[in-house]
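Generate the whole structure from the sequences, applying the supplied hints.
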Amino acid sequence: MAFINALPGAVAEGLIWGLMGIGVYLSYKLLNFADLTVDGSIVTGACVCAVMLAGGFPVWLSVIAAFFAGSVAGFVTGLLHTAFGVPEILAGILTQLMLYSVNLAILGGKSLVAINPRVNNLLVHMSNNPRTIIVMLIFVAATIIGLWLFFYTEFGLTIKSTGDNPNMSRAQGVNVKLTQVLGLALSNGIVALSGAMLAQYKGSANINDGRGAIVIGLAAIFIGLSVSLKIKPNFVVSMIGVVGGGIVYYIVYNFVILLGLKTDYLKMLSAIIVAVFLAVPYLKKEHFTRQRKLPSNGINTRIGGGENA
Amino acid sequence: MLRITNLHKTFNPGTINANTALDGVDLHLNDGDFASVIGGNGAGKSTLLNAIAGVWKPDCGTIEIDGVDVTQMPEYRRAKYLGRVFQDPMMGTAPDMEIAENLAIAARRGTRRRFVWGVRREERIRYKALLATLELGLEDRLSHKVGLLSGGQRQAVTLLMATLNRPKLLLLDEHTASLDPKTALKVLELTDQIVQQNKLTTLMITHNMKEAIAHGNRLIMMHGGRIIVDVSGDEKKNLTVKQLLDLFTQASNGAISDRMVLG
Numbered sequence: 032m033a034f035i036n037a038l039p040g041a042v043a044e045g046l047i048w049g050l051m052g053i054g055v056y057l058s059y060k061l062l063n064f065a066d067l068t069v070d071g072s073i074v075t076g077a078c079v080c081a082v083m084l085a086g087g088f089p090v091w092l093s094v095i096a097a098f099f100a101g102s103v104a105g106f107v108t109g110l111l112h113t114a115f116g117v118p119e120i121l122a123g124i125l126t127q128l129m130l131y132s133v134n135l136a137i138l139g140g141k142s143l144v145a146i147n148p149r150v151n152n153l154l155v156h157m158s159n160n161p162r163t164i165i166v167m168l169i170f171v172a173a174t175i176i177g178l179w180l181f182f183y184t185e186f187g188l189t190i191k192s193t194g195d196n197p198n199m200s201r202a203q204g205v206n207v208k209l210t211q212v213l214g215l216a217l218s219n220g221i222v223a224l225s226g227a228m229l230a231q232y233k234g235s236a237n238i239n240d241g242r243g244a245i246v247i248g249l250a251a252i253f254i255g256l257s258v259s260l261k262i263k264p265n266f267v268v269s270m271i272g273v274v275g276g277g278i279v280y281y282i283v284y285n286f287v288i289l290l291g292l293k294t295d296y297l298k299m300l301s302a303i304i305v306a307v308f309l310a311v312p313y314l315k316k317e318h319f320t321r322q323r324k325l326p327s328n329g330i331n332t333r334i335g336g337g338e339n340a
Numbered sequence: 154m155l156r157i158t159n160l161h162k163t164f165n166p167g168t169i170n171a172n173t174a175l176d177g178v179d180l181h182l183n184d185g186d187f188a189s190v191i192g193g194n195g196a197g198k199s200t201l202l203n204a205i206a207g208v209w210k211p212d213c214g215t216i217e218i219d220g221v222d223v224t225q226m227p228e229y230r231r232a233k234y235l236g237r238v239f240q241d242p243m244m245g246t247a248p249d250m251e252i253a254e255n256l257a258i259a260a261r262r263g264t265r266r267r268f269v270w271g272v273r274r275e276e277r278i279r280y281k282a283l284l285a286t287l288e289l290g291l292e293d294r295l296s297h298k299v300g301l302l303s304g305g306q307r308q309a310v311t312l313l314m315a316t317l318n319r320p321k322l323l324l325l326d327e328h329t330a331s332l333d334p335k336t337a338l339k340v341l342e343l344t345d346q347i348v349q350q351n352k353l354t355t356l357m358i359t360h361n362m363k364e365a366i367a368h369g370n371r372l373i374m375m376h377g378g379r380i381i382v383d384v385s386g387d388e389k390k391n392l393t394v395k396q397l398l399d400l401f402t403q404a405s406n407g408a409i410s411d412r413m414v415l416g
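Going down the list, the protein sequences come from chains A and B.
For the first sequence, the working numbering assigns the number 32 to the initial residue and increments by one for each residue that follows.
For the second sequence, the working numbering assigns the number 154 to the initial residue and increments by one for each residue that follows.
If you are wondering where the hints come from, they were derived from the structure by calculation, not from laboratory data.
Mixed in with the good hints there might be a few duds.
Straight-line alpha carbon distances no greater than 35 Å define the calculated DSBU-like cross-link-like pairs of lysine-lysine that follow [claimed, not checked]:
| hint | chain 1 | residue 1 | chain 2 | residue 2 |
| --- | --- | --- | --- | --- |
| 1 | B | K298 | A | K263 |
| 2 | A | K261 | A | K298 |
| 3 | A | K316 | B | K390 |
| 4 | B | K389 | B | K298 |
| 5 | B | K339 | A | K263 |
| 6 | A | K316 | A | K261 |
| 7 | A | K60 | B | K352 |
| 8 | A | K60 | B | K363 |
| 9 | A | K208 | B | K389 |
| 10 | B | K210 | B | K321 |
| 11 | A | K315 | A | K293 |
| 12 | B | K281 | A | K208 |
| 13 | B | K390 | B | K335 |
| 14 | B | K233 | A | K261 |
| 15 | B | K389 | A | K60 |
| 16 | B | K363 | B | K352 |
| 17 | B | K298 | A | K315 |
| 18 | A | K208 | B | K210 |
| 19 | B | K298 | A | K316 |
| 20 | A | K60 | A | K263 |
| 21 | A | K208 | A | K261 |
This structure is a prediction, so every number in the text was calculated from the model and none was measured.
Structure, rendered in structure tokens:
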């Protein structure tokens, strides 16, 4: 019964993290860039939103500002990598560390800024889960449709091709440094947007909220894609899968809390989920495909594997 | 169409691994020239092609394409003059994208990418017709991912992509070397067909002497980062593998590589 009661909250929070998963998908899957900036940029989004709300700005403006603040963070990581040759993982880590100071500055040196749901007219809040779910569904749907259209434009195609084959992209006249920087800006903008929603939902922005955010985003991606790729491997289905993965993650999260797992161990759980999803395909490939059994007619299928062999 | 003057490139200069890959290359291709380039391993063939494509900048010398000095131009910007096909069939196409999307990206080489629909309907019709000319059954697979194609098919698509926007210069870097003999022949036939139809200026590296003799109106042999033989016209047409080997031995003072002989 307690589990049923916790379900709407799990779905609501899962949708917020699913939106974040979409942002991570753009960098990790589409751009093929393991971008660790997100642990910082999600907090930046939360901080900007919370501080602006406290300053009396309307909520929609705060959310848009959060998006752009996140984009700037992604832009910096992209610049470190493309213009200054910093390896991608390190570029993300450096920006993430910079953002810790930036976020503290935004919060005015405090580690937490509260948002008062009675004073501010919030889009989402944990006291109203049905509303949160509806608002988040609209946000997620708008983001997916927007990205879907974007990635079919001339420019969008070149961002996709940059992640898929930078060599081909350059040969076809694509400025892959530019597409990478702009792709990372877009990715982190979406992550910061989810951070802004998270701050509203929880009623506060906390400097430490972002720790391990990338892992939750990756968990949402792996859980989601494990199902959606089997249905149809296209962009929209993958996006829906990622959001679904976020929801599943938070349902499992709530479930294990109800089972009595101390919240201290939840980060361990997140990391193990991601490790397992990364390990399974690898182990399958390494240990279970070397020797195939002969089919009953005795012809070894491995000989003459056809034109795709 | 292409004018290369005194091109030098040394990798890892000043170290024990210093390697002079290009040692003063001068080359002038006329409009419509189809030159095949041969030479042993380390002769500087690929280095020359990469220098033209802008993969890195030469130490000194200039490269002009159709009167434009591109020596300092970044790779993506000079791409508008060039069509490129690589030795590795995986390098020229984006595997996770549709055939039509790959072609559409190539069709916009040299233009500013805008926020408008990336693959228009009338383009699909054009691509379908072009793919049909390859005779590989790809015309009905426009929305298939390129990663599902075989190496030969991918190389044929790359060739199409390289020539979709008529390039001022087509660069073929041993583009049949990693294909099986039958597929290699097919891709070479396609190359001849496309080059002739569009009257393309072409530079083709090959390891196969017979291929080098059979294709193109010019034959260039490289050794030690220099061009040591450059024949064209009837002289080139009447060449035999034997003569070519003699030429090579003569010009390179007897240093002959196994791979050249096998070719």
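Report task. Measure nothing beyond the straight line between the CA atoms of A/K261 and A/K298; if it is 35 Å or shorter, mark the hint as holding. Result -> holds (28 Å)
**Report entry** Restraint check for B/K233 with A/K261, where alpha carbons must lie at most 35 Å apart
**Finding:** violated (39 Å)
Query raised in the report: Does the alpha-carbon distance linking B/K389 and A/K60 stay inside the 35 Å limit?
Result: violated (50 Å)
Query raised in the report: Within a Cα-Cα threshold of 35 Å, do A/K316 and A/K261 meet the stated pairing?
Result: holds (18 Å)
**Report entry** Pair hint outcome, B/K298 versus A/K315 [Cα-Cα no greater than 35 Å]
**Finding:** Holds, because 24 Å separates the two Cα atoms, which is no more than 35 Å.
Query - Satisfaction of hint between A/K293 and A/K315, Cα-Cα up to 35 Å - result: Distance ~32 Å between A/K315 and A/K293 Cα, so the pair holds.
Requested in this report: Compare the distance between the alpha carbons of A/K60 and B/K352 with 35 Å, and conclude whether the hinted pair is satisfied.
Outcome: Given that 35 Å is the threshold and the Cα spacing comes to 41 Å, the pair is violated.
Requested in this report: Assess, step by step, whether the Cα of B/K298 is no farther than 35 Å from the Cα of A/K316, and give holds or violated.
Outcome: Distance of about 22 Å is within 35 Å: holds.
Query raised in the report: Quick one, are A/K60 and A/K263 close enough, alpha carbons at most 35 Å?
Result: The hint holds at about 16 Å.
Query raised in the report: Under the criterion that the straight-line Cα-Cα distance not exceed 35 Å, is the pair B/K390, B/K335 satisfied?
Result: holds (24 Å)
Query - Pair hint A/K316 and B/K390, alpha-carbon separation not exceeding 35 Å - result: With a Cα-Cα distance of about 51 Å, the restraint between A/K316 and B/K390 is violated, given a limit of 35 Å.
Query - Hint consistency between A/K208 and A/K261 [alpha-carbon to alpha-carbon, up to 35 Å] - result: holds (33 Å)
Hint violations for this structure: numbers 3, 4, 7, 8, 9, 14, 15, all remaining hints satisfied.
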